[in-house]
Amino acid sequence: MLVINCPYCGERDQSEFSNGGEAHVARPKNPETLDDKKWSEYVFIRLNPKGIFNERWVHTHGCRKWFNAIRNTSTDEILKVYKLNEEPPSIGEFDTTLKTPSGEPDLGSGNFTVKK
Amino acid sequence: MWRSPEPKKSYDIIIIGGGGHGLGTAYYLAKEHKLKNIAVIEKGWLGSGNTGRNTTIIRSNYLWNESVYLYDHALKIWENLSNELNYNVMFSQRGVLNLAHNEHDVKEIKRRMSANRLNGIDSKWINTQEIKKLVPIMNTDNLRYPVLGASYQPRGGVARHDAVAWGFAMRADEMGVDIIQNCEVKNIITKSGKVTGVETDKGIISGEKVGVVASGHSSILAKTAGIKLPLQSRPLQALVSEPIKPVINTVVMSNAVHAYVSQSDKGELVIGAGTDGYNSFTQRGGYDVIEDTVRAIVELYPIFGKMKMLRQWGGIVDICPDASPIISKCEINGLYFNCGWGTGGFKATPGSANVFAYTIANDDPHPINAPFNLNRFVTGKLIDEHGAAAVAH
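Chains as they are written, first to last, in numbering that gives the first Met the number 0: chain A, 0 to 115; chain B, 0 to 392.
Worth flagging that the hints you see were computed from the coordinates, not collected in a lab.
Predicted model only: the values in this text are computed from it and were never measured.
The beta carbon of each residue, even a glycine, is placed where N, CA and C say it ideally should be.
Be careful, since some hints might not be right.
[Said to hold, decoys possible] Simulated restraints, written as ranges between beta carbons of each label pair: (1) Leu133(B) - Gly9(A): 43 to 51 angstroms; (2) Leu78(A) - Lys132(B): 53 to 61 angstroms; (3) Lys7(B) - Glu86(A): 45 to 53 angstroms; (4) Gly9(A) - Gly225(B): 39 to 47 angstroms; (5) Asp34(A) - Asp161(B): 45 to 53 angstroms; (6) Gly9(A) - Met308(B): 30 to 38 angstroms; (7) Asn248(B) - Gly91(A): 56 to 64 angstroms.
So here's chain A without its partners, still in its complex pose (with noise of 0.2 angstroms):
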């Protein structure tokens, strides 16, 4: 189970928090004015990038505090956790190659048999 770094209540298992997907998803400033595609773009379309992410958690069995975190999807790391009113930090700031969790090859998980 991952380990997350609640900003408010410090390091607690993953099983008390719950995700909410994407982070910086704005509301559209006029939605009258945009047409269904734009609108559902804005309902279903997230990111699901393999490597970087910009996520939101929320703290439901603890203090029940959103916050966003940049997780690398490819192996859970989680590289930050910060506040909802602070800046995101830059993408550029992270290491983007592609991994898996602890190193094995990228295909099947364990599996030393495949030879690319």
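Assemble the complex: chain A is given as a structure, and chain B must be docked to it using the hints.
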């Protein structure tokens, strides 16, 4: 079994993803649409993704007409698939039970069962005594969420996942489909609104039409062609126990306590856990998710309390907002998607492959998959199957 050719410079049709859905698509393109010059490109080995990582449950008791047409189309093909492929996919119609543990479950499941019956699906409601007869080892009353009844689909069952990939692969290969393993597609190449090929580990392969059947990685590939898909990739875990003598000869699923179990022909219990609550591509999930499932399993089946679990694994599933798949054309000519199966794609393998092949061959969806288009997220005509999907999305 099948050849392992080096990729040619160009193909008429390229299928990205050598799982059951992708290989099946190539098979039906060659068999039903008499097309030649087809390649299936797989980054690992055949069936190394979610085809080899699921709990192999097959059923068609979905709520909405659109879904029933799709999943029952698949189930009808399953019923004759071993014959058709002349390869034993070990399809076993041992029945599937969906348990109700509270008043809401009872109402929801009865509603779904009634909808099923209107669509000619063999769903029926069975009470606790009848469940006890089918599954004597189940603890139905002495638990926190007692078993109040279940829907039962006798035509449902399980099949051997690898055999499905291998069967389709062999027959597709015999008809001249090139199956290229250990070759990852990095980019989909497009030119003025039309697909022209793919960039792979083994160089650029040009193609007139490209079908993406890459489950958890579909949205990553789509992005290289400038297409945004409404998908989120999450780990879904499953586990198997040590093998024991036959104790359960049907498939039992419970959405409410999140436990589903069947027994493989080797005697292992095959147990499906839930998805983790966050996006990930790690092919593993949190231990707490397994713990939740095992806790529910042990309460439902006290005799499993002292069993040992042998293996556990995770696959990356592509979750769609309405818990229904996307089998669709897109804005780019010649580019097709078969994705968004989320936590329940295995059951649909042959049906999905069949209608996807039709869509690619005719550049127009089959009536069965027409409602599962990408445009439904713009029009709002969603096919909400959160209730019928076994794993909460």
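- Query: Among the hints numbered above, which are violated by the structure, and what are their numbers in rising order?
  - Reply: none
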